[in-house]
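With the sequences and hints as input, model every part of the structure.
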Amino acid sequence: MSILLDENTRVLVQGITGSEGTFHTKRNLAYGTKVVAGVTPGKGGQKWEDQVPVFDTVQDAVDETAANASLIFVPARFAQDAILEAADSGIGLVVCITEGIPTRDMAVVYPYMRAKGVTLIGPNCPGLISPGKANMGIIPGEITGPGPVGLVSRSGTLTYQVMYEMFTRGIGQSTCIGIGGDPIVGSNFIDILSRFAEDPETQAVVVIGEIGGDEEERAASFIKENVDKPVVAYVAGFTAPEGKRMGHAGAIVSGSKGTAQAKAEAFESMGIRVGRNPTEVAELAIAALD
Amino acid sequence: MDLFEYQAKELFRKFGMAVPDGKVAASPAAAEKVAQKVGGRVVVKAQVQVGGRGKAGGIKLADDAAGAKAAAEQILGMAIKGHKVRRVLVEQAGDIKSEFYASFLLDRTAKAYLGMMSAKGGVDIEEVAATDPEAIARVHVSPLTGLQPYHVRELLFGARIPKEAHAGASELLRKMYACFVEMDASLVEVNPMVLTGDGKVVALDAKVSLDENAGYRHAEFEKLSSEIPLQKQEKVAKEKGLNYVKLDGRIGIIGNGAGLTMSTLDVVAEAGGTPANFLDIGGGANAATMAAGIDLIFSDRKVKSLFVNIFGGITRCDEVARGILGALDQLPNLKAPIVVRLDGTNATEGRKILEEAAHANITMAPTMLEAAAKAVALTKGRRA
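Which chain is which? The protein sequence lines are A and B, in order.
The opening position of the first sequence corresponds to residue 1 in our numbering, with each subsequent residue numbered one higher.
The opening position of the second sequence corresponds to residue 291 in our numbering, with each subsequent residue numbered one higher.
Hint data in this document are derived by calculation from the structure and do not stem from the laboratory.
Just so it is clear, CB atoms sit at the ideal spot from N, CA and C, and this is done for glycine as well.
There's no promise every hint is true.
Unchecked claim - Covered by chain A, per the in silico footprint, the following chain B stretches (three or more residues, Cβ under 8 Å):
hint, stretch
1, 399 to 405
2, 427 to 435
3, 526 to 538
4, 550 to 564
5, 627 to 636
Printed below as a string of structure tokens:
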């Protein structure tokens, strides 16, 4: 098992004919992901790379191919529209890679998706991978393999680092999910943790947080109350100054709020071990399996 | 993007909000002119993006235009908590009957907009929140429905705003919300919102933060941002499109991806070093971007060494290695040591390229932790 994504997931790609969309769709296909359709308005009827049918609308693509998950690569200014179109076309899982979407657009999208019961991962995220089964997004499949550890993170490359540290020690993952670095993302740590808690294949979970907001603090309390499996954590940004955006739009310390220190302490106060660096958290996760 | 008070008030005017009569001035003569035009008693306020300007002597009352000129002479050029004052706002001084607090902001936890109001205005709201939380009325506004009249009533009655101010305050609140949403703001704050002797409700101060991601749909963002001074390196970074934040240490940092770069800073600090900056080079590890990044980092004279920490995912380490060498070709006078750690996609090829080049500046390290230790050790030997 894995969560959200497996070898049977039927993926459509919104923005498949763009350069990002093309590059990553090729990689996802090569990994074994079932990519059944693409959507680019005005290019319906074409075949992308001679293999994937392209449609003008998400609804057409869903009707024709029974796609049940959408991967979005459209530019930021079209992303709100693309996410809502997917949600209104009967798609159950929407993964939005796009970076730089205005917060106001997401403020409208978020409650709509929740009310509709559609799962949104991202935006501004690397997507998710269930190693050995399917890859939906931009996570490099080469640095991981199937295994018992679930991983959820607000970051991209930092996640790859931790995956790779485990992989080189012979431990793979059930599913790895980057939930995104924006102030409003579709799924939070708790949404993903509750899925990992119920997944029989996942034996331990790694949570990778960073400065800004209070997702980590809320996840810590949730884990103590609701997750029986071992969970270990890492938090990036101990050296981040107040009031500066550290790359991600959501990674900002505001006053005394959102510091890495407070987040690490929140995890530890709930009995969750915190690695001091990516290497240590990978080692803690592996040790937790025994 | 955090606006200056004068910029925020210009925005407020566009939304029809009541603000004191006045204008920004960059010289004492200009301040005098504004005061003449406004007439009567004026207040001269330093335009800085830091709190506590009143206590620092950055706000002065003047009885007439000559007084405004003298006040501007004193305030312009002064440094408030390290921020140099380049402009003053000259405004009509009104008589204040009572002061309130009002704001709209994004509540990240609730993923909704949050309106806040208090009858305790003109003081630090975080202080009020800590000592007297009951004094602040809060109401969540769904972005799907927008601000409704009941939201405004909950704020006014909840904060026990005096009845005589209700009409004026509710109009200001509605316009504040319109400004917040239409301008893609993450914060619109009025502290204090004042009730004047003649029964008007006016925004006496203004704080606005705008979401730069929405810049493409607001032509005015560029002009607003051009008026906000940047520190030297940050200015260059902005021009070159580099994701850079200046810090105060001696070890320059280049990483790929925001999370990994933040983590690199932390690992360097843990190894006993001081990071000089945050620079996320993203996928742009080609020679030109790398050279721009390295050049930028060493333009800070305190920087004595550089740690390049790359995890190849989509970015290939062999391309990064060529990028680093290409960058160093463009920077022949660079003497500082550079510690490089490459891992992930094509790391073996990348390391081989750097080893064969045997560049005098470059030291390789197999892991992130060893690289951090090496960077710290190499920096210790060099003069501050």
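So, going through the hints one by one against the coordinates:
1. Only residues whose beta carbon comes within less than 8 Å of a beta carbon in chain A count, and the stretch 399 to 405 of chain B has 4; three or more means the coverage holds.
2. Using a Cβ-Cβ cut-off of 8 Å, 3 residues of the stretch 427 to 435 of chain B lie near chain A, which meets the minimum of three, so the contact claim holds.
3. Counting residues of the stretch 526 to 538 of chain B whose beta carbon lies closer than 8 Å to any beta carbon of chain A gives 3, which reaches the threshold of three, so the coverage claim holds.
4. Residues of the stretch 550 to 564 of chain B lying with their CB closer than 8 Å to a CB of chain A number 10, which satisfies the three-residue condition for coverage.
5. With 3 residues bearing a CB less than 8 Å from a CB of chain A, the stretch 627 to 636 of chain B meets the requirement of three and the coverage assertion stands.
This entry satisfies every hint, going by the numbered hints stated previously.
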